[in-house]
Each structure stands twice: as C-alpha cells, then as structure tokens.
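Here's the letter readout for the chains.
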Amino acid sequence: MHFIVEPGFFSSQPVHVALTIGGVVAVVSAAVGIFTVIRGQSFAGHTLTDVSTAGGSAAFLLGMNPLLGFIGLSLVGSGTMDLIGVQRVRGRDLATGIVLGASIGLAALFLYLDTTTRATTGATQQILFGSIFTLDPGEVPIVVAFSVISLVALAVIYRPLLLATMSPDIAAARGVRLRPVGLAFMLALAVSVGLSSLAIGSILSTALLIGPAAAALRLTKRIGAALITAVAIGVAATWVGVLLAYDSYYWGSSHNGYPVSFFIVALTFLIYLASGLPARRAATSAPAKRH
Amino acid sequence: MTDRSQPVTANEPDVLRVEGVTVALGGRTILEDVAFAIAPGSFTGLIGSNGAGKTTLLRVILGLQRPGRGRVVVAGDAGNRRNRSIGYVPQKVLLDPDMPMRARDLIGLGLDGHRFGIPMPSKTRTSLVDEMLAAVDAERFANARVGILSGGEQQRVLIAHALISRPRLLLLDEPLANLDLRSGQEIIGLLHRIATEHHIAVLLSAHEMNPLLPVMDRVVYLAGGRAAAGTTDEVIRTEVLSGLYGHPVEVLHIHDRVLVIAGPGYPDAARLAAEGAGIELG
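Heads up: the protein sequence lines correspond to chains C and X, in order. Counting from 1, position 4 in the first sequence corresponds to residue 183 in this note's numbering; the numbering is continuous, with no gaps. Counting from 1, position 82 in the second sequence corresponds to residue 90 in this note's numbering; the numbering is continuous, with no gaps.
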C-alpha cells in the first residue's frame, strides 16, 4: 500500500483541499473543454489563460484573492474578444491575437512589480504554475460557487450552442440568437479558465481545458458520452497527479517533491496520446470514406 | 414537357405568400418586386444562376433578411414566429468529421435544438427520430457520425432534421449542388414523396432546372433580381424569359430537356455558361 500511497495522504488537510478543488475544477474544465474543441475555440481558450495570468498577478499585487483576479480579468478578456468579433471566423484570429498580446504585456508588468515591490519570489511560480497544496480551505466554497455558475450556464445554452456549432445558418433560422449564446459560452469559458488557473496555474490551464476533451472526442461519437468521458479523464488525471506529487516528496533523499501541475499536465498528455490507439484501430478497420 | 395541373390542394390557403419583395444590399438591388405563392403540399423549384438572388430570397422568407419593401406571409403569419412553420436546409453545411454527433442525434436536435436546457431522452423523442430516419431512408447510417457520411447521406439527415418539427414548408438551398447525378435524383424523389405523402410544401433552389422537371408543380425563375412564377409551361417560354433577362433568349425543348439559350451579345452569357447556370449557349 505504501508503495502506491505514501503515509498521511488521506489524513492531510492540504490533500483534501487539493483533491476537492482539483476535482471540481477538472469537471468544469472538461465540460467547457468539449464545446471549446468542437467550436474550434481552443486558441481563444488559450488566450484567456494569458488574460488570467495578468489578472492573477494584478490581484497578487493588490493583495486580493488571486482567484478573483484570474476570473475577473478572464471575463473582461472574453467580453473584449466578443466585442472585437470572436463570433465571425475571420474576426476570431484578430480578436484573439490582440487580446493575447495585450494580456501578456500586462502580465509581464504585474509579475515584475510583484517580484520587485512585494519581495516575494513565490508569486510568479504560484500564478504561472499553481500551488494547489497551499490553497486555503476557505477557497473551496468560492471555487464550488463559480463552478456551479459555469456549469449551469453551459447547461442552459447546451442545445442552442450545439445547434449553432453544427450550423449557424440553421440555428439562426430556428430563431436562436447566435450572439448572446456565443457570448454566454465565452463567459463560461472565462470562469472555467480562471478556476483552472488557481488549480494548476494560469499558463497550464489550457492543458486541463483541451486535453481531456480532445481525448474524449477521439473515443466517443455522442456528445453526452464525450462529456462524461472528458470529465472522467480530467478528474482522474487531476487526482492521480495530486497523489503522485504527494508521493514524490518521498522519492529520492532530497524531500523536495515535484510540482503537482507537472503531473496533471503530463498525465493528460499521455491519456491524449493513448486515446489515439483505439481511434486509429477503428479508422483502419472501418470501410474507407464514401464520396 | 409534362403538362401538370395545379395541385389538388389549390383551394386551401397558400402556405407561403411573397408579396412585392424588394431587397437592396450595399446600394445594389438584389431582388425587385418579387411575388409568388406556394400551395400546401406542392413542389416548387426556385431556379436562377449563381448570384440571381436565390439565397437572399430564402433568407427573406426565413425572416433573416428584412426586405426593403414588400412582405412574406408563412401559414397566415407575417410576424416573427413564422419560422416555426418552416424547415430549412441551408447550402453547404460543413459537418466536421470529429463532431461527436450521430445522424439520429442531429435529427433529434431538429425537434428542440432552439430551446434552452439539456435534452431529455424520451420514448416519444426516440420514436419520432426513428420515424424521420425511415421517412428519409437513413436507418442504415442512423448511428454513424454525421461528419463521415457521404454528401447524399448528409443531405437526407439534414432533411430529416428539418422535417421533425413538422413544418408546413420545407426550404432547401441548392441541395443538389454537391451531389452526383444519381444521389441528386434520389434526393429529388425523396422530396417529391415528402411533399405528396406528408403534405409539406417544398421550395428548392437550384441553378439547373432539368432534374426537377418531372416533379415541379411550379417554378419561380429568378434573373436579374426579378422573378417569373407559374407552371413550367407558363414560365419557361421564350417571351417570358426574354422579358426577365431584358435580352432575347430562346427556350428549346430537346427530348425531355429544356435549354435556355441566350441570344448574341448577352453580357453575362459566358459567365452564366461557365457556372452551369441552366443557360446553355448555342
């Protein structure tokens, strides 16, 4: 048993907090991630992680809760991208690129100020790469509340979003208002990115958003099954990542441990690679595409 | 030429009335005083070359484009709720092969895709989807991802998607454009069956009218933003089309095909011919 789970894992409060927040965030990221991937908005999602970096570093500078900075600026960023024109395919790259550049510039400034004025070198590490073991238990209700908001928003727009993703023409003809539905999704995406920034760090949160969803989409042919599979993959990668990071403290003699974000991202990537195997087998055994 | 009589339902009120519709976009007149009516359960071809205004006209009917003048009445309703009575199959629906959606899921989305919330599985829903799959002969690929289906198969699924909400009118924008001859014939046969058996009026746009001649009750011929409507015998005539084009054209009947030939000097003749626009140069 000790070979897999090092002593104290299940009785440690930081582990409880990490498993709770990590699990909840993984659920939201995976569910939002499925729609991000099928809508072809992965780049927009990644850009929001950079916006989130700027928000987290600004919050740190002001002595605020980083989560509010992550989510707050992500929401502003997604609104800005919508204004510039993320709905139109041609507007997307433009809007995303402009917001991306601006947010990285802001993040550079805030992180510089964080390290120089507050004399804490930990800020950069914590914002960019996360520190799930050091989170305050008081964060749990806030994380759960934002997660519920994001998931409820996604559930409400589920059908029109799916219809609009499949064919904007058909959706518009059926009376779906594409702009508000698209904006609502961008806001849910912003909240999700803010949450995963807290859990695994802002620049790594793309991995939790896209990885489980991309793997699930290779394994399933129904949207409902894809959602469930992505959630299972995301939660599994996060929990096993937390376990490995805890265990890694006992690896070798230095007792430093490895960052949990590394394990989560590495596991997600490995699962994505492995998901290609059944997909490839299915592709080679299926009859060639008809024309 | 077949001499088709009016549909037997001519005494019912029209399911669609387009009244004097004029549309100008960016200072260019796309449609000018277009007027026609469609009877329930009838099959109408909307014929015109690329750029003649077919898609714009369909968008006006759907309520997605507001006409500068004139109005559209669908099933007696000229207001915003009229698209509830219309099923729509747009041109070029790009169905991603990676989209996690089976044919039956896409058809089910036709029932409630515009509503908020998550779809709840129910026996009624499943049996309605099964009924639609049968109506378009799509049972064979019901559980395949829509993105990997052939063009003809996708067209059937999209028709079922449009039909499941039980519209009075089915609009299809160039459904034959990317199909080979045989798939096109099958889709035309299917639509004709839907019109007669389910009593749903079909309005189908195409740039080539010959494949539609055996099934069309009426034709709406668009050229230069203006329309001529009636039976094929009334519309596909030398004097009618010459008036529409504002240039002498000749209508020739060769075996069971119709050729519309532009007289010498028609400015767009080469372009129209190049686009396979139903205008064939002599």
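Don't take every hint at face value.
Claimed, not checked - Some, not all, of what chain C presents toward chain X, calculated at C-beta under 8 Å:
no., residue
1, L342
2, R353
3, G436
Claimed, not checked - Reference listing, derived: stretches of chain C covered by chain X, where coverage requires no fewer than 3 residues with Cβ under 8 Å from a Cβ of chain X:
no., segment
4, 324-338
5, 401-407
Derived by calculation from the structure, the hints in this document are not laboratory data. Where a beta carbon is used, it is the ideal one built from N, C-alpha and C, also for glycine.
Report task. Give me the numbers of the hints this structure contradicts, sorted from smallest to largest. Result -> 3
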